[in-house]
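Visitor: Single-letter residue listing:
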Amino acid sequence: MSEIQDVTGEAIESAVLSRVVTALGGMVLEVTEQNPRRGWVRVDPARIREASRIMFAEQKARLATVSGLEVRDGIDMLYHWCLDSEHYIVTLKALAARPAMEIDSVGQDLPAANWIEREMHDLLGAEFRGHPDMRRLILADDWPEGAYPLRRDFHVPRVDPTGKRETNEWAGARDEKKLQQPPASQPKTPKPGRTLINIGPFHPLQEEMEFFQLYCEGETVVDMDVRISYNHRGIEEFSSRLTWDQVPFLVERVCGICSASHPWAYIRAVEEICGIQAPPRAEYLRTIVAELERLHSHMLWIGLAGHFLGYNTVWMWAWKYREPVMDILELTTGSRIHYANNRIGGVRRDIPPDLYPEIRKAVDSLKAPLELITNAFLDDPVLHARLKGVGVLSKEDALRWGATGPTARASGVPIDARRDYPHGAYEEVDWEVITQPEGDVFAKAVVRCLECFESVKIIEQCVDRIPDGPIAVEVNHVPPGEAVGNYEAPRGETFHYVRSDGGAGPVRHKIRAPTYMNLPSFKSSCIGEHISDVTITLASIDPCYSCTERMARLVDAETGKPLGTFDDMVRISQERTRRLRKEV
Amino acid sequence: MGLGIWGLKRSPWVYHVNVGACNNCDIEVLELLTPRYDVERLGMVLVGSPRHADALLVTGCCTRQAAPRLMEVYTQTPKPCIVFCIGSCACTGGIFRHCYHFARPVDEVIREIDPDAIIAYVPGCPPKPEAMIAGAAAALSTL
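Residue numbers (this note's numbering), protein chains in the order written: chain A, 1 to 584; chain B, 1001 to 1143.
Just chain A, same shape as in the assembly (with noise of 0.2 Å):
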């Protein structure tokens, strides 16, 4: 293969690498090898989406995101490609050229682009030709149309610590006029004889705020639609004016449950453009800290999904024995969620050798609450009867929409970024991917249950083979360029780019979390399901959704008068308790 060319005249020495430039053939236009395991390809914009067709089906490569950069000539497109199993990350750039900023919907074949198009269509002005959904995504209704917040001449105001913007003159601003205008994002009218029952914005004991509007037909759902917004606040925008270092500390805050993760990405992501390699001891301590948040984070779903499912005992349970961990990442790190551990070149706090015993201990505790938490949760006849066969995501699409975690896990597809992609202390410890083919909601919570064991592996390993030496190396200065840092969150993979100018902090920062992910494959999960098992098919992939029944109000599309009376409630209750008890 030494005919393919890097742009700088040398031969790409990656064999991943060329059999994709081979594959893509005359679309190509410049290909930089970055690493042995990192490659970038530039692409004719024209044909990008017969080069997404190729990656996708050929190189069966799965899209972890795509990020837009706007550049002197344009809007740069990078699609960033996950080849997991040969552990290798190619990235397909195309220009959408001025003055149009236009290019070919990938979103149209697979639904994988959906939303992130929808999303650069928003904050970036870029147009998608073909595109079969262009709704507003991620900005608010009152936001006004042509401002887009990551375009180089959008300025927000200062604002002082009392929350008081300096002006309200700004491109932003709220437009009064749009206000009166229908919202940006309406829902479909229903069909006749279908109905739509809105869950959301707020919901009882729901963390975030989301908007679904299932349609019905009698109780099954044929469609689905989400609208968010309610909880962007425009993080990648103002990562850009912060310094390196400052960064890591708003990472951690784009999710508080994954406040290891995030910061671990973007900081590999830092590592990798200045070419440096934190200390074995420091790639320890991070694992400690991501696998303790990785127990914390299982157990707190074990509970809610407990709960969601009336099942409180569970829910109870599982948030006592998480306590204990909560406790070990108190002692270690500070706090008991927001770590402020990493930052580039390795860690801020070691743990000394004294609290070994104590972390060990702790661990060693949980052992046999989480097997009598997975064996009421998994012998149950109950959970079995509710549980199997609902909310059903194939591998097929589990891979369409590129789901991540142990939402890809549960339906045969054995991704795990800790695995595929090394870093940390994961190459040097024993541990397992767990996974299930069925797909179903019991899958995920099998998953996820059997994870937490391995996450305890992980620990005890790294506590008692840590070795001695430095927690972190000294970093001066980041070099201009750009690289791509992934890590697996308790979620699913979280996935950043990162591009300097060689200047005090990032010029782009693209973050993309997993639920972003495995939000959209509720549309194959959740159509042709029971209202009733959407529930906890939406809670399946971890958002912290709950109890649809409550909230749900259903109305007849014609004539506008409620349906499900209380008493109908009650009769399809008793009906369903019957049945089930049958085919228990």
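Do not rely on the hints blindly, as some may be mistaken.
List time: in silico BS3-like cross-link candidates among lysine-lysine, alpha-carbon distance up to 27 Å [said to hold, decoys possible]:
hint	chain 1	residue 1	chain 2	residue 2
1	B	Lys1128	A	Lys361
2	A	Lys361	A	Lys320
3	A	Lys191	A	Lys523
4	A	Lys523	A	Lys388
5	A	Lys457	A	Lys320
6	A	Lys320	B	Lys1128
Which chain B residues face chain A? A few, computed with CB under 10 Å, are given here [stated by the list, open to error]:
hint	residue
7	Val1017
8	Ala1021
9	Asn1023
10	Cys1025
11	Leu1030
12	Cys1061
13	Ala1067
14	Ile1095
15	Arg1097
16	Phe1102
17	Ala1103
18	Val1106
19	Glu1108
20	Cys1125
21	Pro1126
22	Pro1129
What the hints contain is simulated information worked out from the structure, not anything from laboratory work.
Please read all numbers here as calculations on a predicted model, not as lab measurements.
We put the CB at the ideal spot given by N, CA and C, even for glycine.
Take the given structure of chain A and dock chain B to it, following the hints.
Guide: Just chain B now, kept in the frame of chain A:
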């Protein structure tokens, strides 16, 4: 002390409103209900609708899309009620106050529709569950 306030001080029922948080304050709010902290023994119950609530636990920096919905939730809550701003973001906007999608601090949003609203602040990122309990106790005892 009016009858309303007298009633409010006993067994406050709370409704949890996330208006753009990172989830941490929300986890800690749920933590209050579970065996270690168990606020139900003190008479506080988390309820599923603002119409049943005596107090709103508001978490997160108020985003633009959430601000009008927060006003709606406040309007639905029977008065008198207490609004607890849980966490730095709800108190002032916190780390996110420079972001473009941040609307206004929670207290300003609430005061826009009710200038006499009773608002209590529990700062911290996130405040520990103990701090939330202490904040609630302090707020109730000053009424």
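Visitor: Hint by hint, say whether it matches the structure.
Guide: How the hints compare with the structure:
{"no.": "1", "hint": "B:Lys1128 - A:Lys361", "result": "holds, 24 Å"}
{"no.": "2", "hint": "A:Lys361 - A:Lys320", "result": "holds, 16 Å"}
{"no.": "3", "hint": "A:Lys191 - A:Lys523", "result": "holds, 18 Å"}
{"no.": "4", "hint": "A:Lys523 - A:Lys388", "result": "holds, 19 Å"}
{"no.": "5", "hint": "A:Lys457 - A:Lys320", "result": "holds, 21 Å"}
{"no.": "6", "hint": "A:Lys320 - B:Lys1128", "result": "holds, 16 Å"}
{"no.": "7", "hint": "Val1017", "result": "holds, 6 Å"}
{"no.": "8", "hint": "Ala1021", "result": "holds, 8 Å"}
{"no.": "9", "hint": "Asn1023", "result": "holds, 4 Å"}
{"no.": "10", "hint": "Cys1025", "result": "holds, 8 Å"}
{"no.": "11", "hint": "Leu1030", "result": "holds, 7 Å"}
{"no.": "12", "hint": "Cys1061", "result": "holds, 6 Å"}
{"no.": "13", "hint": "Ala1067", "result": "holds, 8 Å"}
{"no.": "14", "hint": "Ile1095", "result": "holds, 6 Å"}
{"no.": "15", "hint": "Arg1097", "result": "holds, 4 Å"}
{"no.": "16", "hint": "Phe1102", "result": "holds, 7 Å"}
{"no.": "17", "hint": "Ala1103", "result": "holds, 8 Å"}
{"no.": "18", "hint": "Val1106", "result": "holds, 9 Å"}
{"no.": "19", "hint": "Glu1108", "result": "holds, 7 Å"}
{"no.": "20", "hint": "Cys1125", "result": "holds, 6 Å"}
{"no.": "21", "hint": "Pro1126", "result": "holds, 6 Å"}
{"no.": "22", "hint": "Pro1129", "result": "holds, 9 Å"}
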